[in-house]
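Peer 1: Next come the chains, spelled out residue by residue.
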Amino acid sequence: MTNHSSPMKIVVVGHVDHGKSTLVGRILNETGALPDGKVEYLKEVCEKRGMPFEWAFVMDALQAERDQGITIDTAQIRFRTASRPYVIIDAPGHKEFLKNMITGAASAEAAVLVIDAHEGVQEQSRRHGYLLHLLGLRQIAVAVNKMDLVDFDEARFNVVKAEIVAYLNSIGVEPTYVVPVAARSGANISSKAAETPWYNGPSVLEALDRFEQARPATDMPLRLPVQDVYKFDQRRIIAGRIESGRLKVGDTLMFAPSGKSARIASIENWGGTGIQAVSAVAGQSVGLTLDEQIFVERGQIASLREAAPTISHTLTARLFWLGHQALKVGSRYKLKLATAEYAVEVVEIQRVIDVEDLANHQGAEVGRNAVAEVVFRSKAPIAHDSFIDNPRLGRFVVVEGYDIVGGGVIAEQEGAAERLDHKSTNITMVNHKISTEVRAVSNGHRGGVVWLTGLSGAGKSTISMEVERQLFLKGWQVTVLDGDNVRHGLCSDLGFSPDDRAENIRRVGEAAHLFAEAGMLVVTAFISPYRADRDRVRTIRPAAFHEVYIATTLDECERRDPKGLYKKARAGEISEFTGVTAPYEEPDAPELTVATEGKSVDETVAELLRYIESNFSLSAREQAVGWGL
Amino acid sequence: MTAMNDLDALESQSIYIFREAFNRLDKIAMLWSIGKDSNVMLWLARKAFFGHVPFPVVHVDTKHKIPEMIEFRDRFAKEWNLPLIVGENSEALASGMGPHLGRVECCSALKTEGLKQLLSKHGYTGVFAGIRRDEEGTRAKERVFSPRTEAAGWDFKDQPPEFWDQFKTDFAPGTHLRIHPLLAWTELDVWRYIERENIPLVNLYFAKNGRRYRSLGCAPCTGSVESNATTVAEIIEELQTTKISERSGRAQDKESEDAFERLRAGGYM
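Protein sequence lines correspond, in order, to chains F and B. So the first sequence is numbered by my numbering: it starts at 1 and just counts up by one. So the second sequence is numbered by my numbering: it starts at 1 and just counts up by one.
The hints are simulated quantities; they were obtained by calculation from the structure and are not laboratory data. Treat each hint with caution, since some may be false.
Unchecked claim - Here are the simulated DSS-like cross-link-like pairs (lysine-lysine), alpha carbons at most 27 Å apart as the crow flies:
#: 1; chain 1: F; residue 1: K231; chain 2: B; residue 2: K27
#: 2; chain 1: B; residue 1: K27; chain 2: F; residue 2: K334
#: 3; chain 1: B; residue 1: K27; chain 2: B; residue 2: K141
#: 4; chain 1: F; residue 1: K474; chain 2: B; residue 2: K27
#: 5; chain 1: B; residue 1: K208; chain 2: B; residue 2: K63
#: 6; chain 1: B; residue 1: K116; chain 2: B; residue 2: K27
#: 7; chain 1: B; residue 1: K141; chain 2: F; residue 2: K9
#: 8; chain 1: F; residue 1: K599; chain 2: F; residue 2: K563
#: 9; chain 1: F; residue 1: K161; chain 2: F; residue 2: K9
#: 10; chain 1: F; residue 1: K231; chain 2: B; residue 2: K78
#: 11; chain 1: B; residue 1: K63; chain 2: B; residue 2: K78
#: 12; chain 1: F; residue 1: K334; chain 2: F; residue 2: K260
#: 13; chain 1: F; residue 1: K379; chain 2: F; residue 2: K334
#: 14; chain 1: B; residue 1: K63; chain 2: B; residue 2: K116
#: 15; chain 1: F; residue 1: K379; chain 2: F; residue 2: K260
Stated by the list, open to error - Quick look at which bits of chain B chain F covers, simulated, 3 or more residues with Cβ under 8 Å:
#: 16; stretch: 17 to 28
#: 17; stretch: 46 to 57
#: 18; stretch: 163 to 175
Keep in mind the model is a prediction, meaning the values are calculated, not measured. Using N, Cα and C, we set each Cβ at its ideal position, and we do this for glycine too.
Based on the provided sequences and hints, a complete structural model is requested.
Peer 2: Dropping the structure here:
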């Protein structure tokens, strides 16, 4: 009778030449995973060539056999002990060490760290130990290898053991067992060796069998990140995988960060027994229908109200960096956490960690393969858990351009975070009868603020009026707030001092967001020269705010001078004129920069229209499924 | 449900992969070779999308396929209401390409090139393929979301990191992704799942006169193996004792030691 439990995934790591391959070769041999006669054949080959036999050759032999068409997986080698099946994940070293090691080790449930009894703990021993822990691996057994080279000396073993245990303890890892082995001779691999009468612990295989199989996190609070919303037929199905906890029909789900709730009406499935499920547990990919048509979209996290995830705009995380370009304060990335994506900025590098001695360094940047503690700030609120509370919602990857360039685990946060059920300054709590989403579906586009900034004469008004005209013709709900126009009414009491300019922008910002909330696409045309003022407008509703820099040089603006203002400013007739007698602060990282010089108005208008349509239109998919409604 | 077994876990992971690709990529399609793996893949897609297949199912016809496979394709495309697209490299076919001109050459022209033409014609940015890690050494090194260059090439020496189920879903214009929902499955898992779900298969997999097909491809390059297994249960029993590799009947792999690696680096599945 074959046991079909999922294989236990283990990763074998260690410093180069400490005997990782030899240990793996031995394990495969002792468990009968090698084809008959393989070892004898290899011994013969070695003898003929006059070289000593190495167990590591078994791995190479598998490689060669693979090419002859025998089913052996070099990246993931299977074997089984009397109690269960295993997959050894080969995490190769060399040049791309960290990237591949993390790809392999991140899916392992337990690890064996191999250390040379003669050389003792080395740099990679510590680095691997540190990274395994960072990845969340809590079960690490240590094999102190090459005991034959130190005459199976108990005192030497104890020295190496004390050294590695001290290091692992310092990073919060308690190794399950520290086993003295000689992989080459097979001592303490599958059974207790006669050479180590002083050792009373388990053999390597026994230590493996004592690892606990990772269990789906069914007893933790429910976390169901929404993967998608389907409307293939009359059903509107919320699809996702339960990362932790359990749910049943009738439970009230709350979606973070929106805070909206509805009850589970049904659990949908297809095929199988055809019996409608009434409950589901962690690990299952499910489809749910709700009793109310609330707005739900990918990235939101469903939980039960009494144990909701944390929500905050900042995350403090321990990060491993794989990017070719260093991470710096002020750098912007895409952060992917469960199924959500966030635009984030690095606001602080708290410390860069030397995994050798765990010393902290102050650093302005985090280089490739380094580990650091970093604070990210997001424009939109992030629903998450700390890694300690719930690893699956407490980790994320960082994307730069097209590539994943790092991963991080979230530290517990003090102060900054809010629970959903608490009052929060970050979340709009007012309930309109007509929701933002209903407006968007009705209009065919989202509401939002497209904030043009640039020098006087840069082209803001010209571009915005034409964009408004074209969008209007396409049936959009659109309006323009123009600098000169609002100063006749809303801001007629204000001048051009920095304070008055700030107040002008504040009022316009608030007004623009009110229009946006009403479902309109608002294009604003204000010089808005101060970065701080614009950033303040962004914080009103970060997700809806798109800063567009109309980039035209001062020389060109002055040459155009459509209102004759530059001439007056130069003549001293206007005080505090931006670019002449008052500063203009260019945006650091606008959502879009439109350069106008050498282009026709039509071209720049088309550029902005493309941006607006791709960012505010509901896609055909969203319209078809009612954008999550 | 109270606990998941190993097949439940594999199924859930495959469904997760399907849904990720469907959400993150604009134009996707699924390769349907009519073999057992791609039938399981198709079944999983229908599970993921509640009985629907919301993207085209693509079959690259080499005109050398075994007739039973084409019959099966046409029957189930109709019965399951599949959005089927059949492609072929008509130029190579017209010039008389066949295994007599070299098996690797034939595979490259009719399958790989036929596929590339189909991809560029429809502008697909993601293609599901039913490969598994345990099939063959180069497939063992694959990622679930595996990027391909503009020429459909595979850079197996510098693959992207892939961990915590965060897949590479951003890529340069002109390049595309191969998505492998069955990567973690073994041949035995596939057959146990076929048994559990009662998934229909081409009858070539079942023994007739002491022989059966273990892997299906084109007629000239696909050999049968000795077997008396006439039911799925008997095949499962057979697989638990066999030491013969699954692709042993596939002649194009054996043209040279690195034939399969060359095929795959050039864009073969």
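Peer 1: All hints, please: hold or fail.
Peer 2: Results of checking the hints against the structure:
1. At roughly 18 Å between alpha-carbon atoms, K231 (chain F) and K27 (chain B) fall within 27 Å of each other, so this suggested pair holds.
2. Distance hint between K27 (chain B) and K334 (chain F) is fulfilled; the C-alpha atoms sit about 22 Å from each other, no more than 27 Å.
3. Note on K27 (chain B) and K141 (chain B): the hinted pairing holds, with a Cα-Cα distance of about 26 Å set against a maximum of 27 Å.
4. Straight-line distance between C-alpha atoms of K474 (chain F) and K27 (chain B) comes to about 26 Å, which keeps the hinted pair within the 27 Å bound.
5. Between K208 (chain B) and K63 (chain B) the CA atoms are separated by roughly 24 Å; this keeps the pair inside 27 Å, and the hint holds.
6. The suggested pairing of K116 (chain B) with K27 (chain B) holds, with an alpha-carbon distance near 15 Å, which does not exceed 27 Å.
7. About 16 Å separates the Cα atoms of K141 (chain B) and K9 (chain F), which keeps this hinted pair within 27 Å; it holds.
8. Simply put, K599 (chain F) and K563 (chain F) have alpha-carbon atoms about 21 Å apart, close enough for the 27 Å limit, and the pair holds.
9. For the given pair, K161 (chain F) sits about 25 Å from K9 (chain F) by alpha-carbon distance, which is consistent with the 27 Å threshold.
10. For the given pair, K231 (chain F) sits about 23 Å from K78 (chain B) by alpha-carbon distance, which is consistent with the 27 Å threshold.
11. The straight-line distance between the Cα atoms of K63 (chain B) and K78 (chain B) is roughly 20 Å, inside the 27 Å bound, and the hint therefore holds.
12. Proximity of K334 (chain F) to K260 (chain F) is assessed by CA-CA distance (about 26 Å); at most 27 Å being required, the pair is judged to hold.
13. This hinted pair checks out: K379 (chain F) and K334 (chain F) have alpha carbons roughly 11 Å apart, not beyond 27 Å.
14. Between K63 (chain B) and K116 (chain B) the alpha-carbon distance is near 17 Å, which keeps this suggested pair within the 27 Å criterion.
15. As the CA atoms of K379 (chain F) and K260 (chain F) are separated by approximately 20 Å, the hinted pair is consistent with the 27 Å bound.
16. With a cut-off of 8 Å between beta carbons, the stretch 17 to 28 of chain B has 4 residues touching chain F; three or more are needed, and the interface restraint holds.
17. A count of 8 residues in the stretch 46 to 57 of chain B with a Cβ less than 8 Å from any Cβ of chain F is obtained; the coverage claim is therefore met, three being the minimum.
18. Check result for the stretch 163 to 175 of chain B against chain F: holds, 7 residues qualifying (beta carbon to beta carbon below 8 Å, three or more required).
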